[in-house]
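*Asks:* First to last, the protein sequences are chains C and S. Sequential numbering of the first sequence, starting at 613, is according to our numbering. Sequential numbering of the second sequence, starting at 3, is according to our numbering.
Treat the hints loosely; a few may be bogus.
Short derived list, chain S residues pointing at chain C, Cβ under 8 Å [stated by the list, open to error]: (1) Val155; (2) Thr158; (3) His159; (4) Ser165; (5) Ala167; (6) Ala168; (7) Trp171; (8) Glu172; (9) Pro180.
Sample of chain C residues with no beta-carbon within 10 Å of chain S, all distances over it, derived [said to hold, decoys possible]: (10) Ala678; (11) Thr684; (12) Pro694; (13) Asp701; (14) Gln702; (15) Met706; (16) Phe708; (17) Gln710; (18) Gly712; (19) Arg717; (20) Pro726; (21) Glu728.
So the derived label-pair ranges between C-beta atoms look like this [said to hold, decoys possible]: (22) C:Thr684 - S:Val83: 28 to 34 Å; (23) S:Met8 - C:Glu852: 48 to 54 Å; (24) C:Val641 - S:Thr169: 57 to 63 Å.
These are computed hints drawn from the structure, not numbers from a lab. C-beta: ideal position from N, C-alpha, C; glycine also.
Chain by chain, the residues:
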Amino acid sequence: MTAAADSAPAPSAAVSVGRASMVFNAGRVNEVAALTDIELDIQPRDFVSLIGPSGCGKSTLLRLIANLLTPTSGEVFVNGKPAAQARLDQDYGMAFQQSGLFEWRSVRKNIELPLELKGWAKQRRADRANEMLELVQLPEFGDHRPWELSGGMQQRIAIARALAAHPPLLLMDEPFGALDEMTREHMQAELLRICAAAETTVVFVTHSIPEAVYLSNRVVVMSPRPGRITDVIDVDLGGERDEDTREDDAFYATITQVREALRGAEHDSGQPVRGVDDR
Amino acid sequence: MSTAAMNAMRVVRATWPPILFGLAFLGTWELIVVLYDIKTFLLPAPSAILSALADNVGSVWDAVRVTGTNALVGLLLGTVVGVALSFALMRFRVLNELVTPLAVALNAIPIIIVVPVLNNMFSTTSQVGRRLMVLLIVLFIVLVNVAKGLRQVSATHVELMRSYAATPWEILVKIRIPNAVPYLFTALRIAAPLAVITAFVAEYFGGTQDGLGSRITSNAANSRNDVMWAYVIGACVLGLTFYLLAILIENAAGRHQGRTRSTTTTGTTATATPAAPTGVAAHS
Ligand SMILES: Nc1ncnc2c1ncn2[C@@H]1O[C@H](COP(=O)(O)OP(=O)(O)O)[C@@H](O)[C@H]1O
Ligand SMILES: [Mg+2]
């Protein structure tokens, strides 16, 4: 077998990152080694959270998977294809902390945008937009303008837009970071329901430990300078996740486990862990 | 009560104080002129101005048309050229780095002084020099603002579009142009009143004598103060028309975006920035 065949991803992997490193401004005074030797395989229907102090390269890793950045070395496969091809095929949807809704478009037209760019016919777009509005339980808001919606509703529309083309993969960068605690917990439950319904694989960046534990079946713990993966923690909370899950002993035990993994990362790098939320 | 009736009520309530004040002001003015027997060449009474206006309404209207046409032609052409150039500025970074400082510098000097130069380039009966002057003033305001709107799109929007595998052309049509629309409206709101002022002042530098500015100076020189004031009324009407035009444009921009915005205007560069989108807002 050749080396190239060796490094090819398992065909079943939704995301496969192989020895990827990312250096910004290489060779200049402001050089930053944002990521070093990242190895990560994500299976279909996985919900994987990336957690770590700010500046550890979570967003950079997500952008590598999205092919919004190209790694300095190493390779990234999405859906068994090189990440660049996956982006051209719109194999993933993306959501950010800012909902990024286009204020000159109605909510419905926002959801239709990725479909427009795929060249879908008008009627098909409208049908899908209605379906997505139902999915995020905002069917009566299609003709509103984005700013008429609350922050949580805007974020639900952003998720509807990211999933409109039914991509197998959803990439999210702190999507609930700007929401208040109550809305946030509600949105987490909604996200689990939506992704279960759409059978979507999710990579989710957060700096909240409970959020990562509640949502994920795997939590990837990262440390800064240089950005590395220090631990991968499997989350087994048994059965459906609902509001009772947040009171569960297994939930608390896993939170403790993630927190200790983050402390370990702190030890390794000799830096205090900042910017990680214990709430 | 119907909304129309409520709106009418609101308009009446908002307009009666200034109208009452205006009438009181004119009444006092009339009274002072009559009581103290002030001569017309010093200050004509409102009644004298009104009768002068009635006697000269045809020629005042002609002068309004001349100056108004200059302002409108300059405003429209300046907008068209400004928008076209802003696309070039967005496309070619080098051009942007050359033109933007130039535009700022040109705005800092009173370029109205080049009117005689422009006039010399065309025949003495031509309005082209004045229209060019208006065009120049409008051009730079539109250029600087629209170029900004085309370039300063949100980073999240651009990343989203790239995640949709959008081409640069699609990013232009679906993101940059819609983003620049409110910038254009803001520029027009600033440029419309300036277009009138420029057209008006440009007449002080020679050329044909059929516009408002020329008529006001010549009547003042001949001590025909009441007639001069009649032309001043014409100038007020023209200025108000363009001001209203600007308000309508602003409302159109408001409808486009559907919410109020605050704008800042810096004196020298005349740029304006639509307010950043507010994250959360109440239900309508
Ligand atoms: N475009 C960029 N140019 C230069 N440095 C960058 C860029 N993007 C990120 N970085 C740097 O890379 C490191 C990781 O950033 P990021 O991935 O945003 O971290 P996180 O999302 O975990 O907070 C940081 O030190 C950041 O300053
Ligand atoms: Mg980040």
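*Asks:* Are all beta-carbon distances from Gln710 (chain C) to chain S longer than 10 Å?
*Replies:* Check fails; 5 Å does not lie beyond 10 Å.
*Asks:* Over 10 Å from every CB of chain S: does Gln702 (chain C) meet that, or does the non-interface label fail?
*Replies:* violated (6 Å)
*Asks:* For Asp701 (chain C), is the shortest beta carbon distance to chain S beyond 10 Å?
*Replies:* violated (8 Å)
*Asks:* Determine whether the non-interface label on Phe708 (chain C) survives the test: each CB of chain S must be over 10 Å from its CB.
*Replies:* At roughly 5 Å from the nearest Cβ of chain S, Phe708 (chain C) sits no farther out than 10 Å, so the non-interface label is violated.
*Asks:* Can the suggested window of 28 to 34 Å be confirmed for the beta-carbon pair Thr684 (chain C) and Val83 (chain S)?
*Replies:* violated (45 Å)
*Asks:* Can the hint on His159 (chain S) be confirmed by a CB-to-CB distance to chain C that is less than 8 Å?
*Replies:* holds (6 Å)
*Asks:* Given a hint of 57 to 63 Å, does the C-beta separation of Val641 (chain C) and Thr169 (chain S) actually sit inside it?
*Replies:* violated (35 Å)
*Asks:* How about Glu172 (chain S): closest beta carbon in chain C under 8 Å, or not?
*Replies:* With a closest approach of 6 Å, the Glu172 (chain S) hint holds.
*Asks:* So, Pro180 (chain S) near chain C? Judge it on the closest CB pair being under 8 Å.
*Replies:* holds (4 Å)
*Asks:* Does Thr158 (chain S) pass the interface check with chain C, least Cβ-Cβ distance below 8 Å?
*Replies:* Nearest chain C Cβ about 4 Å off; hint holds.
*Asks:* Once the shortest beta carbon distance from Ala168 (chain S) to chain C is found, is it less than 8 Å?
*Replies:* holds (5 Å)
*Asks:* Check the non-interface label on Met706 (chain C): least C-beta distance to chain S beyond 10 Å or not.
*Replies:* violated (5 Å)
Hints 1, 7, 10, 13, 14, 15, 16, 17, 18, 19, 20, 21, 22 and 24 from the list above are not met by this structure, while the remaining hints are.
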